[in-house]
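Chemist: Residue numbers (the UniProt record's numbering), protein chains in the order written: chain S, 1 to 358; chain W, 1 to 131.
Simulated from the structure, these hints should not be mistaken for laboratory data. Glycine included, every Cβ here is placed at the ideal spot set by N, Cα and C. Heads up, a few of these hints could be off.
Ranges between beta-carbon positions, derived for each pair [unchecked claim]:
1) R129/W with K229/S: 38 to 48 Å
2) T73/W with D24/S: 29 to 39 Å
3) V3/W with E51/S: 53 to 63 Å
4) T17/W with Q124/S: 18 to 28 Å
5) E19/S with V3/W: 33 to 43 Å
6) T55/W with K169/S: 25 to 35 Å
7) Y18/S with N119/W: 28 to 38 Å
8) D156/S with C26/W: 33 to 43 Å
9) V3/W with N70/S: 54 to 64 Å
10) N241/S with T55/W: 10 to 20 Å
11) N70/S with G27/W: 54 to 64 Å
A short, non-exhaustive set of chain W residues, derived as facing chain S with CB atoms under 8 Å [stated by the list, open to error]:
12) Y63
13) P67
14) K71
15) S117
16) T118
Going by beta-carbon spacing under 8 Å, a handful of chain W positions derived as facing chain S [as the list claims (entries may be wrong)]:
17) I48
18) S58
19) G85
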Amino acid sequence: MVEVLIQDSSMLKVDKHYEEGLLDLAIKASKEILNDQLKIDALIVSNSYSEKTADQVLLSTKLANSLGINTLTFRIENGDASGGAAISTAYYMIKSGMIKTALVVGVEKLGDFPMHFVNDIISQNLDEKFSYREGLIPQSYSALRMKMYMKKYNVDYDYFTEWPYLMHKNGAENPYAFLRFQADKKTISTSQVVSDPLRLFDTSPRADGAAAILMTSDDVNLKTEGKVKIASITSANSEFNVLELPAVREAFNKTKDFKPEILEIHDSYSINAALILEEIGLEKGKSLSMLDSIQVNFSGGLKSRGYPGGATGIYQIAEEYMQLTEKFPGKRASGERGTVISTDELGTTSYIINLQRC
Amino acid sequence: MKVFPPQLWRNKETLYTLIAGKCNKCGNIVFPYQEFCNKCKSFNISKIKLSGKGTLISWTVAYQNRPGFEKTTPIYVGYIKLDEGIEIVAPLTDVDESNLKENSRVEATVRKLKSDSTNGLIEYGIKFRLV
Ligand SMILES: [Zn+2]
């Protein structure tokens, strides 16, 4: 059976790259891992919002032409879970034996716009017939979740400060992070209220980014520094549920025996971090008080590394790959097995990608 | 022009009268209406008009908004259990915050959501108010 390897990765610092467009960023991330000897069989672009943010479609063809690659190209869009979906697609294609190499490029530009306009972009994740038309924003769904969680488990707002506090502490060491500063708990708990009780530090700073992953079958020998095997990928989806993430639980249950030592999770909101951790085994209502017991989001997660939309999952994979190959330039985790949990904004779809050092 | 009449017209039953789908096989209610039951996978669905009456389970007040909704910001948003048994997230209106309580009774009412420009198309939709 063909094994699927990650043989290289690259990423740009998540930032407001005002001088560069979507394609410029994608080229920058890609050229880091391309070389003359490498034949790319498929180019997959992970991007969620280009129609609204850059007035662009046909991204994968344009990127392939810019890189001088003439091959199978397409873009994968599944909201903020696009990264997990793109990696899954490349994985199954290589696993099938039909192709040997895939370049997966995540790219997004959310940094050009004022807040209310980005809210409109992100609100496309809500259903069109009612929720989007009614003017709702996803932050309100998260606020309702948070409030009902606080009531159910009898915790106050301070409980949630643990998450952004840890993320900013981790991200301060990550040179690729957007907000590279530590934040004390008082700053977090007195930050602007977005949708009561959800505060600014519970959300994710929207910015631009591009990251790339080189995936191959195990018979492709490249002179790269470090290989990681994709041990398995599972996925699931569910409708919005206030206090549970069935999509994460079901995808995780399909791969329970993997037992990862390092985690990268999609913490779009602090409450999502708690719910994800609880769906994969931490005690309900207590997960954010147990963060010392796990190695999670050493990148700084969406809070500190930042939130580059549909490129986020590719960043997560690149970060885990660098951790497992001992190349990550920030805070180092220890272990040989890592898991990436790539979800959409509200956790209705999930891709669980298990990585193992070769 | 940012508001296109067909987009509003085709959603009129959802946005003005809370029309949902009820599965004739398993009783599952889906809102907004669709011609398929996502529980038992039946195509045997009837249109029903939700009563618009329900109970407020929780609420939040949003200080951020989207283009076109500036005038109604901050936006109160309720998590509402309708009497038909389904739970929805929807805007609240006519709110006096001191009167908002868990388990308050609420009812649907049609309100202006936004307008395209000062003399453009107006979008209407359902909001909920305390009874
Ligand atoms: Zn049914």
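Chemist: Which of the numbered hints above does this structure break?
Modeler: Numbers 1, 3, 6, 9, 14, 15, 16, 17 and 19, in rising order.
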